[in-house]
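Student: Spelled out, the chains give:
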Amino acid sequence: MNTPTTNTPKILGFLTVIQDAQQRLFGGYLLLNHLGRPLEFHCTAPVKANRAQEILYGSTIKPFLYGEQIAKTLFEKSKNKVSLVVTDLVDVLPVRLYTQVPVCLTKSSISQDPQTDQEAALENSPEKGLALNTQPEPPPSYRGDLFENKSQNIPPTSTTTSLTFAPSPGKTSVAPTEKQPSQFDHLPSFPIAGNTIYLSPDNLADRQGICQILDELGNDFDLGEPFQRIQEAIEEAQKGV
Amino acid sequence: MEVKTLELDFSVELFATGWQTALGRKPKIEINSQASFSKVTPPKVISFHIENKTAIKTSSFIFPEAPELFKPEPQEEPDQVEQARQERPLASADFSESTTSSPLPQEDLLKKIAQRQTRLRPPTDVVKLEDRLYYVLQPTLENLFSGSSLEFPFTPFPYQFEGIAFLYPSHGAILADEMGLGKTMQAISAIRMLLNSGELKQILLICPKPLVTNWKREFQLWAPEIPIAIIEGDQTRRHWQWQEAQAPVKIANYELLMRDWPHLEDEGLHFDLVVLDEAQRIKNKNSTTSQLVRNLPRTRSWALTGTPIENSTKDLIGIFEYLAPGEINENMPLAEISKTARQHTLRRTKDLVLTDLPPRMNRDANVTLSPEQQTSYEMAEKEGIIHLNELGNSITVQHVFELVLRLKQICNADPRTGTSSKLERLEADLEEVAASGKKAIIFSQWVQTLDILKERLTHFSPLCYHGRVPSKKRDSILTRFKEDPKHSLILMSYGAGAVGLNLQFCEYVFLYDRWWNPAVEDQAINRAHRIGAAGPVTVTRFVSLDTIEERIDQILREKRELFNRVFEEGDMPTNVGLSQDEIFGLFDLRTPQGPISKAA
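Residue numbers (my numbering), protein chains in the order written: chain A, 8 to 248; chain B, 9 to 608.
Quick caveat, the hints were computed from the structure, so don't treat them as lab data.
Source: prediction; values computed, not measured.
Ideal Cβ positions, reconstructed from N, Cα and C, are used throughout, including at glycine.
Hints may be right or wrong, so weigh each one.
[Stated by the list, open to error] Taking CB as the label site, the calculated pair distances span:
hint : chain 1 : residue 1 : chain 2 : residue 2 : range
1    : A       : A52       : B       : P216      : 45 to 55 angstroms
2    : B       : P216      : A       : A28       : 47 to 57 angstroms
3    : B       : H271      : A       : N87       : 43 to 53 angstroms
4    : A       : L63       : B       : A343      : 52 to 62 angstroms
5    : A       : G201      : B       : P216      : 40 to 50 angstroms
[Unchecked claim] In silico DSBU-like pairs for lysine-lysine, Cα to Cα no more than 30 angstroms straight-line:
hint : chain 1 : residue 1 : chain 2 : residue 2
6    : A       : K84       : B       : K65
7    : B       : K65       : A       : K79
8    : A       : K88       : B       : K65
9    : B       : K224      : B       : K209
10   : A       : K84       : A       : K55
11   : A       : K88       : A       : K55
12   : A       : K17       : B       : K209
13   : B       : K322      : B       : K358
14   : B       : K462      : B       : K494
15   : B       : K224      : B       : K490
16   : A       : K84       : B       : K136
17   : B       : K258      : B       : K217
18   : B       : K567      : B       : K322
19   : B       : K65       : A       : K55
20   : A       : K86       : B       : K65
21   : B       : K136      : A       : K55
22   : B       : K490      : B       : K446
23   : B       : K136      : A       : K88
24   : B       : K347      : A       : K246
25   : B       : K217      : B       : K322
Bound-form chain A, shown alone (with noise of 0.2 angstroms):
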């Protein structure tokens, strides 16, 4: 990892949300010091939307849930100040109406499936890390995806994983529900430090800071993997209940 160029270290924050077999939401937030160690973690109680929510809500309610909800109290209690929050849930974006930090999509290391061509062609392209990928065809608008366009197409648990409770602690117990490439694929996106940073179509000016943010971590941080992390911590804090 390279040394950081400015003399105050970056806090990255980490949101997820993990449904469980009974269908209950758990979040998790970890923030990370610039070496990727820990400095605090904050994790939700069981979290289900009643029957009068999924009805009045109905295509909206993950982001709902997950976004104005969840992440929303998550990133209220942090007591530190973060530089980028990262997400390895769309549902999770909304969250950044309520703050004025970059939020950033990428996926998940436990989740993760076999680099796409498309990504590989990004990575090894010559405007690596200069051009911002924008599909062809890309959603009317954040806003409209999630809160007009009813036809939005989110499969219902396509953006969770199941939390199981293996007894074998070296083993991950997390299988994806679903693979994450295809809520992706519609969102702009662009490869740096060895990852590849998806972003919400209304916030594609938080770009360039994210770009600095990351370019200081260096190209050893794997932002995939520390949502490994929250999912075992709810695990282990699960295991007490």
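Given chain A, work out where chain B should sit, using these hints.
Tutor: Chain B only, in chain A's frame:
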């Protein structure tokens, strides 16, 4: 076309028809209310109150930030790294416990390391959730190392990372890897990480005296930035060294601990971690060493041993009295002992983790005593048994031992005539070894036997490495043995050569006589059969047929089976060590308490 205009002049009168009057009259309106309309029930409205903000309960954990030490430092130029590596003492790479693959440039090393993911796990003795999460949320070991200024001189094996991850969070742990898997390196790396993370400040490492220099070398190799203090010299010097605050790691030997105990007690020293190397030294919980070690004020207790059980489960209980007092005892069911032991123990064997290690081939060389040896043996045994029987109730184990040793020495070589079937067989084997340009180690428990061998095997230019060889000369002997092709043979005593040496360039090991304990034999064999071994290692174990050696061999086999059961199957007998009954049983004797029920 012509247009004409005509003037019309005639009067028009209104007639009183009454119609105009009606138009000027105000209308009269009557309002009739229909009461029935006002009684209609309004439609029902159901209101839902939608909360925009749901109260979500959260738990928060705040962790101490990594200290400055963990910050990466500017990378050295590759040439400088290589130069620094080359400048390290030759001996540390040659004869130490280093068990890793060849050195790699740092960049390649980091790439190789980054491919693996070894996570820290909270140990069972850490109960508080916050403490457990602290370990769960740490980055992988590989990331910790690649993201810090800490370097490895060699690429560790994945199982070694797992060993480090096991030790790092442990407060009471036994690293019981088979000899040759790099317990030293794993312990040093874990210590290094804990020191760098600020979790430890004062560490005491206790090892057998002959291994002190090994540890020093290993620290120089694996953690060159950590200052260490070797506790040695006269009393004044040692007292000063115990107080030395600049060296976070202090290395002492077991004997010194005993001598300096009053000083340690007076000074009230406290250690964040105490590491015992060759921890089988404290297997007897009633021994002075064990009691002193247990009384050392400390926060964490680690034990390193390839043989947590040498004779019986009592050995393991003795070690547990140090690292987790009271967690296991002799009254517990065997399954429970095994379960508890496994929670604190990490045990790997070469077969398990080093699938690429060249094979070890065991060969039992069963020899028949020469006629002269046979005569001497029978005579000695007969006289000895008569003497033991005459002792009656005053007989002790020591008396039996004396006879055993005498008979074993006859098996090695007849003291009257000097004849030896073993030696003849050994000589024949060595001819083959020398002709192939290979090197061999011969182990015996007696220096006297080694002297006989040295005299009879002069044509192989044997070198000697045993208790009578001064410590200062030992490293140079090993260097000569490795580098000088005319020395194809080294004669070693189990005591001096069984532990801490790295002789993987040898492909032949001869156990000229057998030690009481199979674990010690394994340690001896593993000087050659270890990581980096050039090729298959052939182990020849001499046994004189129809003698005390064959009877002892049978007991050794049983002990080996016990060890396997405890750490691999979880089922074990309470005591299959060389008990008093078994020792007396070697000669069908009666113990002072009664007849022997179990003959050898």
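Student: Return the numbers of the hints above that this structure violates; sort them in rising order.
Tutor: none
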